[in-house]
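Protein chains: 2
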Amino acid sequence: MPAGPPLAVVRAGGVEDVRRTLAEASRTGTPVVTRGAGTGLAGAAAAAPGEIVLDVSGLDRILAIDPVDQVARVEPGVITAELDRAAAAFGLMYAPDPGSVATCTIGGNIATNAGGLRGARYGVTRDSVLALDVVLADGTLLHVGRNTVKGVAGLDLTGLIVGSEGTLGVVVGATLRLLPRPTRIATAVAYFASVADAAAAATGLGAATLRPAVLELVDAKTLAAIDALRGTGHAERGAALLLVQADGFGAAEELEAAAAVLARTATALTTTTDPAVAAELAAARRDALPAIEARGRALIEDIAVPRSRLAEAIGGVHAIAADTGTDIYTFAHAGDGNLHPIIRLDSDAEPGTVPPAAQRAADDIFALALSLGGTVTAEHGIGLLKRHWLERELDPAALALQRRIKALFDPAGILNPGKAI
Amino acid sequence: MPAGPPLAVVRAGGVEDVRRTLAEASRTGTPVVTRGAGTGLAGAAAAAPGEIVLDVSGLDRILAIDPVDQVARVEPGVITAELDRAAAAFGLMYAPDPGSVATCTIGGNIATNAGGLRGARYGVTRDSVLALDVVLADGTLLHVGRNTVKGVAGLDLTGLIVGSEGTLGVVVGATLRLLPRPTRIATAVAYFASVADAAAAATGLGAATLRPAVLELVDAKTLAAIDALRGTGHAERGAALLLVQADGFGAAEELEAAAAVLARTATALTTTTDPAVAAELAAARRDALPAIEARGRALIEDIAVPRSRLAEAIGGVHAIAADTGTDIYTFAHAGDGNLHPIIRLDSDAEPGTVPPAAQRAADDIFALALSLGGTVTAEHGIGLLKRHWLERELDPAALALQRRIKALFDPAGILNPGKAI
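For the record, the sequence lines run as chains H and U. With full-length UniProt numbering, the residue at position 368 of the first sequence is 368, and numbering never jumps. With full-length UniProt numbering, the residue at position 227 of the second sequence is 227, and numbering never jumps.
FYI, nobody ran anything at the bench for these hints, they're computed from the structure. C-beta atoms are modelled at their ideal positions from N, C-alpha and C, and glycine is treated no differently. One or more hints might be untrue.
Chain U is faced by these chain H residues, among others (derived, beta-carbon under 7 Å) [unchecked claim]:
no., residue
1, G91
2, T140
3, T148
4, V149
5, L155
6, L160
7, P180
8, G206
9, T209
10, G250
11, N338
12, T377
Put together the whole structure using the sequences plus the hints.
This is the structure:
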């Protein structure tokens, strides 16, 4: 993408601003890049010269929370954690909790179909979206979806728009499903002699038909980075860590069953139902990205593989690091087979550029994901950065259909051109 | 729809048969109606003269069940209950369980996005479909979706095809998500003095942030029909019944919390963790439809409303029965706000026809659903029977887009014309 300032920035104060901007852009054939908090990791919200940035972060009201229907009506600029906090006042939760939950917006989450730690049990953003108000490329305001939990009237346009990364329309309102907030949480942290052992233990939980609400893996390099940042002693206890949380009425008993599986191969194991201790244990996972980023700029990748291939995937990432001479940290939503390999960039790398070795490592990681029957992006989106990989992942006939659907929504091609599909 | 035999019936023995049939139908402009077990309730699989019936029920193999990845690969003619039984051998379940689970097929479930009793907790068919093999109208074989639990590469064509009632393509293979099968189930049956009390109690469970796996309501007329069929004594115990099941590690304790809410207003309440007693209690719900159908032919309707409007919806259905002089039985997936009003037809009604009073009652019920912010179909589909209601439910711009997407998939308009959208 060419560098330089965009043509204009429109800070939308309401739906009419969005409609007028898109109608005018369609008329003049001007590209529009919709933007929320700008926390995306695939470049979908980055604008080039000649493009209009449509900032909808100002549409940030929680319009309603209905505790009986367990739905929220929100504008797209609402910060995800703020919605979850508002839901908590009614004993409810908004389940999707991407790593950037404290700063990202619901609109951005909808654009990328964002996941998060609770995804293993409670699903991703698409599972929480019941209805959307969307401004189409020509300025038409469209309502899709329903107010009810179930409904099969017509084609699922709501699900189609979720994850479309700003290429089909601009979301200006959403009806979101809320869920009862678990009041009991039981937590375990287990250390293992190798990342392969940790991955096998994660798989073992599935084989025991256990389905914890949280199942996160952190590798040795990441543990060392956390120790360096926080003065903790994770690396002494093992070469990989699993964080497991069970919730709901049977939390303690479910965690006990999980701990029995973990104990078979763990080098160290701690369990608790005390929220303060749990927060301390969970910090090992929460600190992973800050600890890596404290060491410099990084490429944050986002592959997923079938759960049975998790150990192979992590082993493959480590081999790629050795092969390319790059510094790669890996943590994973192990319950979903979703890995985040983080490639640290040399501190002397030009800002805005990716050195060839890091780019090769990233490409090798994507190829690895596909070779294991996985995907190049589990929850961050294709954006700008992975666009050439989309063609390697998808059936060409499916990609062709997607592009024709895009053309049907946006005949002038003004909505986030060159991104996602 | 005009009566009479179809042009031809093709019993597909494999994917190539489906491809050749569709390619030839596209070439000649001949309509194709795909059919599985024919258990649908909205007429989507009914063919008219001049149309080809494409029967895919012979593609009925379970190709693989992977207990570690917790996915199944199946052909569309697999009976839903058979997949669930096969999954049970691995301690897993296939969650969607429509009323017709013992006879309906996975392909039909995908076509209608079928729900069922476990939907309140475990979601509907769309939530269980990871990938599809689909033959397009021109005979192209398309693969959409992924092998992983998460993935955001490209637009969600999989979700678009689920629920499209045979109008976008013919599903010839599916990768389905399986879930751990709950080993503990706790069951309660509560009776109430009125259906309004029962609906309020169901709502009260939500307000207490309880989310049982099953939450079913049966009204007085239906209880009387069950008593007549089975010699049970439900009607003596109350004018409405709630069946509540909790599952998982905390099942007993969760049910206890639910029972405390129910006990506030129930006229009778029984709880159990004994599977044999539970099966007996659950029979009150399972026998509902057979008991009504024992009294003659019936229209099985399928509306949903926001959960907070459940009591109003049931009261409204009872008022419509009085107003139209029709015999209407109501049971409901109360946890989803999904009602099944069953309109019994006069025994002297011409087969294949609906008497005017029954049709008026059905139309009034659809209008009621929309007036309460609901939908005319929660899980059966639009099919042939509710097509004119689709235009009243959906935003005209959304319906227009859906029809353009349909035209894009099927330019010759051969796939189930006149149905669904």
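Hints and how they fare:
1. G91: Where the cut-off is 7 Å and the nearest Cβ of chain U is about 4 Å from H:G91, the hint holds.
2. T140: 6 Å, holds
3. T148: Since chain U brings a Cβ to about 4 Å from H:T148, closer than 7 Å, the hint holds.
4. V149: At about 5 Å, which falls below the 7 Å cut-off, the nearest Cβ of chain U leaves the hint on H:V149 intact, so it holds.
5. L155: 4 Å, holds
6. L160: Since the shortest Cβ distance to chain U is 5 Å, the answer is holds.
7. P180: 4 Å, holds
8. G206: Holds, about 6 Å.
9. T209: 4 Å, holds
10. G250: 2 Å, holds
11. N338: Hint on H:N338: holds, closest Cβ of chain U at ~5 Å, below 7 Å.
12. T377: 5 Å, holds
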